[in-house]
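Novice: As a plain string of letters, each chain reads:
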Amino acid sequence: MTDILVYVPDSGKHSAEVLTLARSLGDVAAVAFDDAAAAIAGEYGAAKVLRVDAAGIDDYYVDPKATVLTDLARERTPDFFLLPSTDEGKALAARVAVALDNGLLTDVSGLEADGTATQDAFAGATVVKSKATKGFTLATVKIGATEPAPAPGSPETETVAASVAEADQRVKIAERVDEPAGDRPGLAEARVVVSGGRGVGSAEDFALIERVADALGGAVGASRAATDSGYYPHKFQVGQTGTTVSPQLYLAAGISGAIQHRAGMQTSRVIVAVNKDADAPIFGMADFGVVGNLFEVLPQALEEIDKRK
Amino acid sequence: MNIVVLVKQVPDSGLARQLDAQLRVDRNGANNVMGELDEYAVEAALQLKEAHGGEVTVLTLGPGQATETVRKTLAMGADKALHIEDDAVGGSDALTTSTILAAALGRLEWDLVIAGAESTDSGMGVMPHLLAARTGAPALTGARKIDTDGASVTVEHQRANGYDVLTANLPAIVSVWDTINTPRYPSLKGIMAAKRKPVETLTLADLGVEQAGPAAAGNEVVDAAERPERTAGEIVTDDGQGGVALAGFLAAEKFI
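Protein sequences appear in the order of chains A and W. Numbering of the first sequence is given in our numbering, commencing with residue 37 and proceeding in unit increments. Numbering of the second sequence is given in our numbering, commencing with residue 799 and proceeding in unit increments.
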C-alpha cells in the first residue's frame, strides 16, 4: 500500500483539499499539531492521525515544526509527503527537502499514483508534469485545485511527543494580529469573487463592487492597477503578485485582463467580464461579457438580481 | 549593517513566456527583466542602509545577460555585486540553486539577506527557507515591514487575515512582499555611477560547488504542454439592457 504523510495545519479548506487528494493515492497518516487539525483529518479520510504534542511550539515560526516533520518523514519513509501550498507549507517543505536531500515540488494541482505531479507554469499558460528523482514525492498542493470531499472515519491516533530544541527558537512569534475581515468570505476560498480594476476609477466607487459581491455572497478582489492606485487595499489583489483564486464564478469589472491578473484567476470555473473596451483581453477568456459602462451595467444587474431573489 | 540582496533576472511576466526544448525556462528571449518582487527587496535594503549605514551587495545567479539586472540594482543605489555565471548552472533545481547561493553567501559579510517573497518565473517562494536550512541563519519571510536595531530584526509577516510579528537575532534572512515599499527609479546620476561600481563574477569552481544542472536535481520535468486557451463565450454590447442580460446569465448558471 502506498503511504502518504500529510501535514494538516488547521481546520481550513486547504487542509480538506490536501487530505482529499492524498487519500486518492493511498493510506493517509495525517500530522496534526492541534485538535482542530486532528478532527478534520478524521473527517477527510485519514487512516491515522499523528497528534504531535510539543509544548510552546506555537511561540516560534517554522523551525520547530520543520524538525518534527523531518523526523517523522525520516522514520516513516512515506511514498508521498504532502503539505498545503500555504506560505507555511512551502517553508516546511523546503526545510524537509534540505534536511533529507530530497526533491521538492511546489503548487502541484494534481498527483498520480506513480508520483507524476501536474504543475502550472507561467501563470497557467503551460502545464508541466514532473517527478521526484531523489527520495519520496515531497510536494505542496496548490490551494483551490482539489474539490474537498468528506469521508468521515475513525482514524487510529498516535501521540508523538516532541520538544522545541533551542536551535529552533531562532524566530519568535512575538504577536499575532488579526485584521477584521468583515462578513465577506476569504478571497482564496470564496465560491464567488467580484473584482474591480482600473476602470472603477476611485476608492469610493469600489462600494459598487462590494454591493455586487454582497448580492452574490462573494468576496471582493482587485486588480493590481486598482490596488496600486489605492482604490482598494493591497491584500485583496488577485494576480501574479497577489492572491490566486479559483472560484466557481469570477466577475471582473473594469479589468482589462493583463497577464499579471489572468495568472491569478484563469482557473476559475465561470468568468464574467464587464468592460467598456470591447478589445480588452479579458473578453477573450470570459464565458459571458458585457461591453459597456460598469456604472450602468452593474447597478442594473443589481436591481435585476434583487427582483429575481 | 551589511546587506546582501538576492535578485534574479526572469522573462517578463507581462509577455508570453515558454519553456525551451529541454523543458527549462526559455531565457533566450529579448524580454528579460529583474524579478518583479526583487525591486522591493532592493528598495528595502537601500532604506535600511540609509538608516543604519553599511553596504548593500547584490547577489545574482544567471547567464551573462543578467548583468543588465545587476546594473539596474547598482543604478538604484546598491554598492557592489557578485554575479555567479557558469554554463553548468542551467537546469539546476531550487535545491542546487540554494547550495550555490549559500556558497556565495559564505564569501560575503552580511548581517541581513533580503529577497523578494518569490520569483515571477518559477515562483516557488522557497529560496529563503532553503538558504536558512543551509546557512543556519533564521528566516523571517513574507514581510510587509522590517525594523532592525542592529542586533536583531523584527518583521511583520503578512498573511491573509492579518500579520504576525516575528523577531530574530542577526544575521538573518528576510523576504518581502510588494506591500513593503515603493521602489525608487534609478536617477541619471545613479545610472552613471553604476558604471563604476564593482561587479565580481565567479564560477561554480570558484565557489567549490561540484555538482549542478539536471544531474544534481531532485526532480525532473517529464512533459510540458501549452494549456488550451479559454475561449470567449457570449459577449454582448450594452444597449441599455446589459445589466439585465448579465443577471440573466448569472441566474441561468444558478449564481442567483
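It is possible that part of the hints are untrue.
Unchecked claim - Here are the computed lysine to any residue pairs in the SDA-like style, where the Cα-Cα straight-line distance is at most 25 Å: (1) A:167 to W:1012; (2) A:345 to W:1032; (3) A:170 to W:819; (4) A:167 to W:1032; (5) A:343 to W:1054; (6) A:167 to W:887; (7) W:943 to A:216; (8) W:1052 to A:216.
Claimed, not checked - A few chain A positions that, by computed beta-carbon distances, are all more than 12 Å from chain W: (9) 47; (10) 133; (11) 339.
In short, the hints are calculated from the structure, not lab data. Just so it is clear, the structure is predicted and the values come from calculations on it, not from any experiment. Don't be surprised by glycine CBs; every beta carbon is placed ideally from N, CA and C.
Novice: For each hint, tell me whether it holds in the structure or not.
Specialist: So, going through the hints one by one against the coordinates:
Distance restraint check for residue 167 (chain A) and residue 1012 (chain W): the Cα-Cα separation of roughly 13 Å lies within the 25 Å cut-off, and the hinted pair is therefore satisfied. The suggested pairing of residue 345 (chain A) with residue 1032 (chain W) holds, with an alpha-carbon distance near 24 Å, which does not exceed 25 Å. Taking the CA atoms of residue 170 (chain A) and residue 819 (chain W), the gap is near 23 Å; set against the 25 Å cutoff, the hint holds. Restraint check for residue 167 (chain A) and residue 1032 (chain W): the C-alpha separation of about 39 Å exceeds 25 Å, so the hint is violated.
Restraint check for residue 343 (chain A) and residue 1054 (chain W): satisfied, since their Cα atoms lie roughly 10 Å apart, inside the 25 Å limit. For a cut-off of 25 Å, the pair hint linking residue 167 (chain A) to residue 887 (chain W) stands: about 20 Å separates their Cα positions. This hinted pair checks out: residue 943 (chain W) and residue 216 (chain A) have alpha carbons roughly 19 Å apart, not beyond 25 Å. In summary, the hint linking residue 1052 (chain W) to residue 216 (chain A) is not supported, as the alpha carbons are separated by about 30 Å, beyond the 25 Å threshold.
With a minimum CB-CB distance of about 15 Å to chain W, residue 47 (chain A) clears the 12 Å threshold, and the non-interface call stands. Here residue 133 (chain A) does not stay apart from chain W, with its beta-carbon only about 6 Å from theirs, under the 12 Å limit. Under the 12 Å C-beta cut-off, the non-interface status given to residue 339 (chain A) relative to chain W is violated; the minimum distance is some 7 Å.
Checked against the numbered hints listed earlier, the structure breaks hints 4, 8, 10, 11; every other hint is satisfied.
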